[in-house]
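Chemist: What follows is the residue order along each chain.
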Amino acid sequence: MINERNLPIFATLIVFMMLYGFGMYEYRGFRDTLVFTNLLTDNAFLIVTAIGMTFVILSGGIDLSVGSMIAFIGVLMAYLITSLGLHPLAAIAVAVLVGTLFGAIMGIIIAYFDLQAFIVTLAGMFLFRGLAYLINLNSVPINHPFVTALSDIYVPLPGRGGLTFIAMAMLTLLVIGIILARRTRFGMNVYAIGGDSHSAALLGVPVKKTTVKIYALSGLYSALTGVIFAIYTSSAYPLAAVGVELDAIAAVVIGGTLLSGGVGYVFGTFLGGMIQGVIQTLITFDGSLNSWWTKLAVGGLLLFFILLQKGIVTWAKRRTSPT
Amino acid sequence: MLEATQTMTTKIMSPINLLHKHQKALAPIISLLLILLVTAIITPGFLHLRMIDGHLYGSLIDILHRGTPTAIVALGMAVVIGTRGIDLSVGAVIAISGAVTAVLTVNTDFPVWLVILCALGSGLLCGLWNGILVSVFNIQPIVATLILMVAGRGIAQMITEGQIVTFHSDTLNAIGNEFFLAFPIRVWIALALVLITIVIMRKTALGLFLESVGANVRASRLVGIEARLLVLSAYLFSGFCAAMSGIILAADIRGADANNAGLWLELDAILAAVLAGASLAGGRIYLALTIVGVLIIQTLTTAILTSGLPAQYNLVVKAAIILAVLLVQSPKTRQLLSQLFRKNMDYSA
Amino acid sequence: GFSQIGSESGWRTSETESIKAEAERRGYDLKFSDAQQKQENQIKAVRSFISQGVDGILLAPVVETGWDSVLKEAKRLDIPVVLVDRGVAADPSLYLTKVASDFKEEGSLAASWLAAETNGRCNIVELQGTVGSSAAIDRKDGFAAVIENFPNMNVIRSQSGDFTRAGGKEVMESFLKAEGDASNICALFAHNDDMALGAVLAMKEAGVEPAKDIIVLSIDGVPDIFKAMMDHEANATIELNPHLGGPAFDAILAHRDGKEVDKWIKANGPLYLPDTAEQEYAKRK
Amino acid sequence: MDLRAGEIRALLGENGAGKSTFIKVLTGVYERDQGTIHLDGQIIQAQDSGHAQRLGISTVYQEVNLIPSMSVTENLTLQQQDKTFGLISWKKAQKRAMALLAKVGLDIDPSKQLDSYSIAIQQLIAIARALSNDAKLLILDEPTASLDAGEIQQLFSLMKQLKEDGLGIIFVTHFLDQVYSITDSITVLRNGESIGTFDTAQLPRAELISHMVGKSLDDLAPASGQNRSQQPLETLLTIKNLGKQRFLQPIDLNIHAGEVVGLAGLLGSGRTEVCELAYGATKADQGETTLKGHVLTQGSLRSAIRTGMGYCPEDRKQDGIVAELSVRENMILALQASRGWWSPIPMVKQKELVEEMIKRLAIKTPDMDKPIGELSGGNQQKVILARWLITHPDLLILDEPTRGIDIGAHHEIIQIIQELCAQGMGLLVASSELEELVVFAHRVVVMKDRHKIAELDGEQVSEHAILQSIAS
Ligand SMILES: Nc1ncnc2c1ncn2[C@@H]1O[C@H](COP(=O)(O)OP(=O)(O)OP(=O)(O)O)[C@@H](O)[C@H]1O
Ligand SMILES: Nc1ncnc2c1ncn2[C@@H]1O[C@H](COP(=O)(O)OP(=O)(O)OP(=O)(O)O)[C@@H](O)[C@H]1O
Ligand SMILES: [Mg+2]
Ligand SMILES: [Mg+2]
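Chains as they are written, first to last, in my numbering: chain A, 1 to 323; chain B, 1001 to 1349; chain C, 2001 to 2285; chain D, 3001 to 3472.
Don't take each hint at face value.
Here chain C is said to cover these stretches of chain A; the calculated rule only asks that three of the stretch's residues, wherever they fall, bring their Cβ under 8 Å from a Cβ of chain C [to be verified]:
id, region
1, 91-104
2, 228-236
3, 291-299
Hints in this document: simulated from the structure, not taken from any laboratory. Yeah, the Cβ is synthetic: ideal placement off N, Cα and C, and Gly gets one too.
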């Protein structure tokens, strides 16, 4: 039985399947599993960031710093590996730790100084990009055998497709995210704060501590994205992932999460990210659009699917509303 | 004895109380002054103003001049934020209105006023589009305007066919660069727009309705405020402001750069409104302070440019100063400070 | 398939148009993808070209690193990849060839010309491109490497104008203010023409005569800069050749016929001066 | 103040006396600046509400403070989830939620979102939640506002049982009957100061009131019944067959000028729905509303207001106050909205109107520019009422107008209702307090299961008759 609260997710799922079905109908190449597994790999970085962002948005906040964080972590990792000669695993550990810490610091400023998340994380966005520039202006290759080995992991599937390390990492992080959101006290606290932070405090939710944890978690997920991105491209670049924050927010919101907080699911975010990926894939498969038509098509398809999703939700609500 | 001490403390406290009452307004202004002061110390001559051919010349004028487009956009943004919305599309609208201005000037023999009207009209159209998505279709503002943010630049490029279209028009050039009564004309335009907006907001009930809708839509609807219409108008206004800014920016470089005009300007505009004390959760907005917020951001940019700092440090410095300004403004910091202050008072007593 | 970076400047648009026109002339079916300045989009595009089974891929990489794995994939399926207008930092065996100019060389060429023009005595202000972009880094380095040899040539101010006209104008304004008066500045070196054009506006508004009081030197060779040279507002530009389609398609054909192809087909453009500006402008219009 | 185990203490005082504030200080929501709190002989200092819970103080705050967007189960088990292998088990949680709801006599679907239930149900859920941990001290801040008699009886028997188990209970209410029927002792607050603690059995009603308001009872003339024989004038509002699927069965209703029609019924019987449909806050899918001869367009509140309607909603927090705006702005909002944005009320006039209302309703606020969110609950309610009184509507719909209002003002409001109706206004008043309905209503419409089951007129109107028709 479809619960009323699950409706947006079902709507998103339907939209995704319609979109994918259209691709299969229109382009022969789309029918390979390759296209699907490519979607998983190519959108892994977006989805992982968006999972962290989901928690932030569920709590009624926003994190604009994720794109810069990805670049910063990548550059930091490259610096640790190539200049300091650290083993990639150690470098990853350090980088992830630094990312989480920076996230937590933003959380502390937001929670304990009562400042708006939007602008604190905007400052974070400037700061991390700036720090990335300070470490390194150039793009640097990361040519460590370990990193190459990771990016070469590949579990082939029938139909030309296959799961890369990145895709598997993303799926793992997705499962962790889902469990964290629905099956832990932390997750429930996030929903409560997003629903009504004043009431949450009166109900005994440690609002400030949880807020710090939320931004630390978002820092962690975007730092992991930085790592994934570095493995994906075997390199680091201070200008990487510009504007990913907006894509991530869009993925979260398309996935049915309310920007005002309190309502939404991590799995929806996954679908939201995949929908964005399919839109892009469709446009490249078409391949006849010039630069401006590409932009119009991205915007137009986004609009179309949001409206479609809204329509499905309204329609289903009318049908399942209580008697 | 006791009485005497009491009057003493009231005397001391009363200016502090006054400060307390206007703290919200003071924080951004003090931040601005501090940044100006520090810059003046680092870069001598920063505050220097000269009169050349009847107009003022100097970095301070540059700040006003450069801050104008952002200020106009921020004005519209503040209004939208008041309704618990956000408008990410302003950069794209700037590109569209710039493109319209340039293409109409080059390809038609429309008089300038008509060109400007068309450009403003394109902005209103964009605002209408956003407003309909938000208030009629109930799409969350950030996504609704994200659509135009992406597609809008495509539209602008389509209009200019991907080229930077340069044009020559004395009137537009005057709007972009010339002076009137010692100040740039565009500063006068912005000033007029800001004043008119403030007067309309405060002298009619529009401001009240806007803040009411932003703070509690359900309650506002129940007292008979047409919330939808109001939200729609807020986006219309924001589109109008962005278009105005687009004309100025195009006039500035005498060309329309569909790809880069107003890029990331939305973030500066939001930042300004928030520095002024607006909450993204809707409610109270402070239009005049928003302009102060813009000046803070622009002073920072201009100061970094004149300081001779290598380009890669720009962002770190900007981030650090924004954080500092934020912390200064945080009521929590004030609380901490006033606690310290009180302690000191106790010691001295 | 052709994966383009985006359409951020007039130059890039003409590059796209040129390659499309070339493909059409030859009767090829060209799949075009605009990456909106994002490497991740380019990787996706190349991947989907591969999954569509194209015969060859043209890639204008937004950044030099990070292409190894997709290039390997293309190689595995034996799809030749030609890099246009920029190189990548990957094993050269992974791509067929690169049709590009050398940003460093452009920087050096600009510096040498300026040194000759000013007898090695000049205070220069520099308008950098977007911080971190390879064009900005290499042009800056190439320029600096030559300047180093001339003790009396100095870059006194250098800031980023983000490759845009508005950026160039704003930064130039602040340079003029910061230097107090223009007599201290002998030349402007801008990493692209658009910034130079913006800076020219700033100079005119500050009462400084561009090209006379301050030498204006930039890179790209877009039509508007030739126009400016005709009006005696700019001194020199180095062309960045946008017509890379021809050599790129030739290389793919040659590869199909089993011929060896050079790893770097240089497409450096010459330095243009005002005397030829009129013809060049007419040619490009 | 001290409280023994197994004692039920009433905390009384006028609106804004500081009852809720006291409770929030006790549970660490507000920082205190002096004094100590002992629990079981130990000094405690709750850092925040969660800490207080762990210390054994369980609280139901005045406004329903639950999370509207979460399910009932989630609300009930927040902070005390049952886990299997370290992860929350929703099966167990559901079971626990059902058990808690049973305690307060609720039989509802706990997997549904909280805000799909009415305020009164939410109130009960909040009480259930407070019972969920083994507390030593239970604090209830106006839990009975908007509960009906049956629910209140259920709550009281629960309280008695808890008292037997040795719990201390602090109980805030404005209903003196309830105070006398359940509490052992009374602490009275006035203007943020404790006036004293008294034994309930030993304190006569009159004395209690004079302690609360600070003057003798004579000033409060008892509310007098209506002169019901007076024939109402013309018909003001006609509702014909108005209904909405799954919301309200179609009903017919007339209201004449100078007449008060009461709406009575149990929780969830559909009183609020009648108010909402009549006003147009919810769009009906059948029937029509005619006001003063004009047929109202469904779904256009502005047209309803312009024709002369006013509506004071039940859910003060969500539908009533605009918390960030000042008392003045909140009060003139409806009047201003009816005039339109282009014709602002001059500031002098605004101040005059607001000043008068503050005086008339004895609204406790330091000045009219204070954000309304910072007023006490009862005072907020008065402001919302005043918002509509100054618009002088022809027809005023009031949904639980006296919810959380102290006796002094309660009285005042009843008088105002009577005055308004004497001036020819028509009123539709939904209330859980039969006592007050009987005092001012000319006619009472009784609701049950979203049906209109009876309409009592003139001399028929009595508490007994209403209860009887509900029971039938
Ligand atoms: N958040 C707040 N900020 C500032 N003042 C407040 C705040 N909450 C309450 N007050 C003030 O404290 C006083 C006491 O309020 P409190 O809520 O304790 O009253 P109360 O006795 O509970 O009244 P009621 O019966 O109306 O609920 C009021 O004058 C109110 O204006
Ligand atoms: N006993 C109940 N069981 C299930 N749902 C209920 C019950 N009581 C109320 N509800 C829900 O609460 C919602 C609101 O009810 P409604 O507003 O009609 O109550 P009411 O008659 O106005 O009573 P009150 O105002 O005292 O709460 C209804 O939509 C209904 O779904
Ligand atoms: Mg209270
Ligand atoms: Mg009700």
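Chemist: Does each hint hold? Answer for all of them.
Modeler: Results of checking the hints against the structure:
1. 91-104: violated (count 0)
2. 228-236: holds (count 6)
3. 291-299: holds (count 4)
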